[in-house]
Amino acid sequence: MTTVTETPPAPPLTPGKETRKPRKRGRLVPYWLLLPGLLWLVVFFALPMVYQASTSIQTGSLEDGFKVTWHFATYWDALADYWPQFLRSVLYAGAATILCLALGYPLAYLIAFRAGRWRNVVLILVIAPFFTSFLIRTLAWKTILSDGGPVVSALNALHVLDVTSWIGMTDGNRVLATPLAVICGLTYNFLPFMILPLYTSLERIDGRLHEAAGDLYATPATTFRKVTFPLSMPGVVSGTLLTFIPAAGDYVNADLLGSTDTRMVGNVIQTQFLRILDYPTAAALSFILMAAILIMVTVYIRRSGTEDLV
Amino acid sequence: MTTDHGGDVRLAGISKTYGSFTAVQPLDLTVPQGSFFALLGASGCGKTTTLRMIAGLEEPSSGTVMLGDQDVTALPPYKRPVNTVFQSYALFPHLDIFENVAFGLRRRGVKSVKKQVGEMLDLVQLGEQARKKPHQLSGGQQQRVAVARALINHPKVLLLDEPLGALDLKLRRQMQLELKRIQTEVGITFIHVTHDQEEAMTMADTVAVMNAGRVEQLGAPADLYENPGSTFVANFLGTSNFIEAEVAGRSGDDLTLKAGDGKLVLPAARCTASAATGGKILVGVRPEKISLTHADDAGSIPDGRNRITGRVADSSFIGVSTQYVIDSPLCDAFEVYAQNIERDSRLSPGADVVLHWNPAHTFGLDAAQDIEAGAAKVEEDAAA
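As they're listed, the protein sequences go chains V and S.
Read in this note's numbering, the first sequence has 116 at position 116, and its numbers run on one by one without any break.
Read in this note's numbering, the second sequence has 248 at position 248, and its numbers run on one by one without any break.
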């Protein structure tokens, strides 16, 4: 009898404790899961940023060591010395982004709406270049665009090079070591970053919307302009950002395919850091580039009005 | 083009095949201007394909589509004076309600759309919601936007592809009346595809029952219900009881039939099968036409009624009526719906009863068909 009367109160106590405890732990679980990522960001993003920021306002030399002297003039000097490279970076990355969009949109459209059962195969082909190293692929373009090679001969025969030379993108019969070569390299290397987001947002569009537009007197061209393209804007925005941002900071393409006349800001930063060892200038250049990109991206997202679509 | 027949839809020999699968058998159909026409059938019967061929979203494998006097078979959808209300509404998610409704007008170069759109939104009672995006509206409101978006173009024909399928029962009833009201108001030809027989019957003036790519029967709802031409139609539209019988002879306008030991009478005009003496036919009768009388009172049944004896196997009370299942030697599950006017408490399972009905409510069908045709599909829909 006593066991019967004594045992009942015990169980409710333990479940009560247990139900309260897991609930508390449950509320904390998301934060615990966030922790590794946060730590990663602090160690590999926030700390280096702070370190670079302090570097950018130091003065001194390698022999005597660098000291923080709040020397903001480094920023003005860097801008004054290297504004052409900044401009070039924006121009080349912009041109490459536009080319990527022009090449990538039709391809993404075909994969999303017309590829049928080949869809996955084509998607794998889009990512296939990533199976080899970035450097090797860029070096391959050196061969493709080599002087007197088939591509250059063909472009020459078609008088394309006359036009591109006239606007200053190529140099006579050469493609290699010209702005065009750098833009080609950038376009090639960042094309998948354009295609994949475009494909994702095109693929999400309900095919019945195309039918509905056709039913409401929209020609196929108007359907594209009024329905398909606006609905793919999230893909266009993220694709252009994923292309433009890394392209603007890239130095490998300009290094391998360009010449001293096609140096981008990435090349300057690399040289300052690794050859000239002028750390403050290199750090200042990095921050200027970052700020410039942030401003451009903000303006771009505002202008494209896709905040609620992304 | 004459205005009287400008909204006629005439399909001549129209068919659609996908590889070796025939979705729509060669089909001739005329829908007169201003009518509310329903294509009724189970899923996969070809009704939506037929509708899409009229809209131009599907190219017919053969045959022609005429709107009034104009052959539109080769015209792309955007050149046809036809608009569709899609099953999923297909509202443009990036445009607000106003722009969704204005879409068709803008495409045709109409400059000032504001007044028309405002009027149309008022017609579907959505004037307040003009600046909302589709996803901010409820299902019923989205459905009304879809109707408004199509109607504002004053199409010759409005096509409705299961427009009420996504709505709950109460809202569906409400929208049925709403659509019917709008149709009467604007006088446009409506072609409505549905798998819901009740919806087709309440809304349409003419119903075409489709089965396996063919039109089984076409007519006014009451006509189809009272005089089904096949077991499919009889079962798909409501419930029917069938008895196999043999033609014994003819007296006047009636056929006399032998079913088991009993005798039934069927008006010859209501028999679609050949009525040669000795031939087998299926005798059908709707459950609500039958009266039940307890076997003890069999004497009180007036003469001249068709009668069958049986035993109550099951009864379920559903408010306005009681549904009985009767076991009879002629048919193992005879269904009878009795109005709850005077309930005979003796009619409980196990009771011997006489089923009787006015011979005028009997119909005769060819015995060489599946008695169950169409019935299973209705159950599937009900279960879904």
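Worth flagging that the hints you see were computed from the coordinates, not collected in a lab.
These numbers were taken from a predicted model, which means no experiment stands behind them.
Wrong hints could be hidden among the right ones.
To be verified - Simulated DEER-style distance windows between Cβ atoms: (1) R114(V) <-> R173(S): 39 to 45 Å; (2) S88(S) <-> D147(V): 30 to 36 Å; (3) S153(V) <-> M66(S): 55 to 61 Å; (4) F229(V) <-> E226(S): 53 to 59 Å; (5) Q323(S) <-> R114(V): 49 to 55 Å; (6) F317(S) <-> A115(V): 54 to 60 Å; (7) A74(S) <-> F229(V): 24 to 30 Å; (8) P32(S) <-> F229(V): 39 to 45 Å; (9) G165(S) <-> A292(V): 34 to 40 Å.
Don't be surprised by glycine CBs; every beta carbon is placed ideally from N, CA and C.
Status of the hints after comparison with the structure:
Here the CB-CB span from R114(V) to R173(S) is close to 42 Å, well matched to the stated 39 to 45 Å. For S88(S) paired with D147(V), a C-beta distance near 58 Å fails the hint of 30 to 36 Å. Checked against the hint of 55 to 61 Å, the pair S153(V) and M66(S) passes, with Cβ atoms roughly 59 Å apart. For F229(V) paired with E226(S), a C-beta distance near 55 Å keeps the hint of 53 to 59 Å intact.
Between Q323(S) and R114(V) the beta carbons are some 54 Å apart, a value that agrees with the proposed interval 49 to 55 Å. Between F317(S) and A115(V) the Cβ separation comes to about 59 Å, which falls inside the hinted range of 54 to 60 Å. Distance hint for A74(S) and F229(V): a CB-CB separation of about 28 Å, consistent with the stated range 24 to 30 Å. In this structure, P32(S) and F229(V) meet the distance hint of 39 to 45 Å, their C-beta atoms being roughly 41 Å apart.
Between G165(S) and A292(V), the C-beta spacing of about 54 Å breaks the proposed range 34 to 40 Å.
Consistency note: the structure conflicts with the earlier hints numbered 2 and 9.
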